[in-house]
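Novice: Protein chains in written order, with this note's numbering: chain A, 1 to 256; chain B, 1 to 256.
Please keep in mind that the hints were generated in silico from the structure rather than gathered at the bench. Check before you lean on any hint, since a few could be wrong.
Just so you know, same-sequence chains aren't split out, so a pair can sit in one copy or run between any two.
Derived DMTMM-like pairs (lysine to aspartate or glutamate); straight-line CA-CA distance at most 20 Å [what the hints assert, rightly or not]: (1) Lys5 <-> Asp130; (2) Lys49 <-> Glu67; (3) Lys211 <-> Glu249; (4) Lys90 <-> Asp123; (5) Lys173 <-> Glu21.
Predicted model, so just to flag it, every value in this text is computed and none were measured.
Protein chains: 2
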Amino acid sequence: METLKVIKIGGNVIDNPAALETFLKDFASIPGAKILVHGGGAIASATLKSMGIEPKMIDGRRVTDAETLKVVTMVYAGLINKNIVAALQKYGCNAAGLTGADCNAIVSRKRPATPIDYGFVGDVERVNADAFAMFLAAGVTPVVCAINHDGKGTLLNTNADTVASAVAAAMSKSYETQLVMCFEKDGVLYDKDDPESVIAAIDAPLFETLKADGRVAAGMLPKLSNAFDAIKSGVKSVVIKNSAKILEEASGTTIK
Amino acid sequence: METLKVIKIGGNVIDNPAALETFLKDFASIPGAKILVHGGGAIASATLKSMGIEPKMIDGRRVTDAETLKVVTMVYAGLINKNIVAALQKYGCNAAGLTGADCNAIVSRKRPATPIDYGFVGDVERVNADAFAMFLAAGVTPVVCAINHDGKGTLLNTNADTVASAVAAAMSKSYETQLVMCFEKDGVLYDKDDPESVIAAIDAPLFETLKADGRVAAGMLPKLSNAFDAIKSGVKSVVIKNSAKILEEASGTTIK
Chain A
1 METLKVIKIG GNVIDNPAAL ETFLKDFASI PGAKILVHGG GAIASATLKS
51 MGIEPKMIDG RRVTDAETLK VVTMVYAGLI NKNIVAALQK YGCNAAGLTG
101 ADCNAIVSRK RPATPIDYGF VGDVERVNAD AFAMFLAAGV TPVVCAINHD
151 GKGTLLNTNA DTVASAVAAA MSKSYETQLV MCFEKDGVLY DKDDPESVIA
201 AIDAPLFETL KADGRVAAGM LPKLSNAFDA IKSGVKSVVI KNSAKILEEA
251 SGTTIK
Chain B
1 METLKVIKIG GNVIDNPAAL ETFLKDFASI PGAKILVHGG GAIASATLKS
51 MGIEPKMIDG RRVTDAETLK VVTMVYAGLI NKNIVAALQK YGCNAAGLTG
101 ADCNAIVSRK RPATPIDYGF VGDVERVNAD AFAMFLAAGV TPVVCAINHD
151 GKGTLLNTNA DTVASAVAAA MSKSYETQLV MCFEKDGVLY DKDDPESVIA
201 AIDAPLFETL KADGRVAAGM LPKLSNAFDA IKSGVKSVVI KNSAKILEEA
251 SGTTIK
């Protein structure tokens with residue numbers, strides 16, 4: 001089985017032009033089949049504000065009304081996605097930017113309006129592995145933003161972490177797939193105040209212990225749940241690591 | 001040789017939601033290999049204004065400074081392109097939205113800053129026919145916006161008419177290619193004030209006569225020059241027609 005890396009980057013890289021450039025140069029040099037999934041960062045909120053629209057958040061999640069959907073589509077699928085693709089081309093990586101609508105790659109379902117109406121927000125329903133396989137077979141690296149569609153003509157804003165794990169899960173039927181979740185720290189820290197306390201590997205029992213201890217940063221828990229879900233869906237391994245260290249195979253926290 | 005239609009739509013369709021929806025429904029039903037190229041319309045200027053940026057034009061052409069490039073990338077490659085793709089998916093046409101950066105499909109050269117500095121504006125240098133052929137072979141319809149790249153990491157804003165004819169010319173090596181340029185009239189009018197005076201066919205000598213006469217609308221002349229260039233580059237036929245009549249094979253003006 002051919003190996004595949006699905007690598008996800010978020011706002012900490014997207015919002016820092018120098019870090020993004022370094023990351024993309026590193027990413028371009030990774031050999032073999034790979035897929036990049038990117039989040040949005042702060043540019044969407046800044047763009048909304050420049051247009052006089054106040055970003056709405058509930059419990060840290062963006063409420064995507066019709067105007068906000070237009071702006072996140074512009075920023076994620078246009079500005080960020082196409083600049084990443086152009087930069088990867090410069091570094092010799094033949095890339096193609098995708099939303100879930102392109103090639104019908106990812107179909108989402110609009111989240112129910114109760115108890116909280118998040119607007120045009122989707123939950124991933126189905127990943128079309130054949131669409132991604134077409135690009136990979138041609139030596140093209142898909143660059144995926146977290147805008148999907150419902151198959152009925154409506155675009156939906158989706159969480160980039162769950163897009164990355166859904167893509168990795170779908171591809172694991174045909175590829176030995178590693179999911180790499182990048183962020184600003186070197187891995188999952190045993191003590192959130194000690195940047196060197198990286199836990200090399202976490203299995204299910206240790207995850208239960210860490211949850212009970214309350215030592216792991218709260219924001220890390222959904223990422224870890226997501227990682228275990230990916231493993232259950234057939235992904236070979238999940239690594240949580242620093243986006244500045246993607247070429248260092250030994251770095252980060254491996255989930256198994 | 002398999003046949004291919006390269007169909008170009010501009011602002012008159014993009015700016016009219018009802019006309020766009022009808023066009024996309026019609027387009028989705030066209031059998032066989034096809035590529036859609038779309039322009040930008042008035043949304044980019046409206047978005048610039050909503051962000052407090054005054055659109056700059058010289059002789060009817062947009063000056064694309066760094067901020068304007070960001071906005072046209074957002075609007076053309078994000079908002080317009082992805083909504084077209086989602087609508088085509090709804091109508092059963094498996095589409096994929098592309099800039100020239102995606103799959104390195106279209107490489108442009110930044111236009112020299114003299115005599116007029118149009119900023120980040122490109123002229124098409126090379127179309128990668130293999131990139132389009134990959135999609136067509138998989139039954140996927142490319143939807144192309146007029147944002148290209150220079151291969152060195154910079155996106156460039158390009159004229160959609162010339163993108164359409166360059167794509168048609170490149171594809172004509174492997175496909176019997178028809179280029180369809182859609183606009184708001186039924187074809188090239190012999191008398192610009194008489195909407196029924198459509199000229200069914202124009203060859204090179206008639207084009208010279210029409211130019212000398214001065215009866216054809218001035219805005220039509222670059223479209224016709226562009227069409228003759230496409231024919232010289234191997235495109236089988238060019239049809240200039242109403243975007244509301246793409247399913248009527250006999251309508252419009254054929255260039256030969």
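Novice: Now, for every hint given, state plainly whether the structure supports it.
Specialist: Results for each hint:
| no. | hint | result |
| --- | --- | --- |
| 1 | Lys5 <-> Asp130 | within (16 Å within a copy, 25 Å between copies) |
| 2 | Lys49 <-> Glu67 | both (12 Å within a copy, 16 Å between copies) |
| 3 | Lys211 <-> Glu249 | neither (27 Å within a copy, 66 Å between copies) |
| 4 | Lys90 <-> Asp123 | between (33 Å within a copy, 18 Å between copies) |
| 5 | Lys173 <-> Glu21 | neither (32 Å within a copy, 37 Å between copies) |
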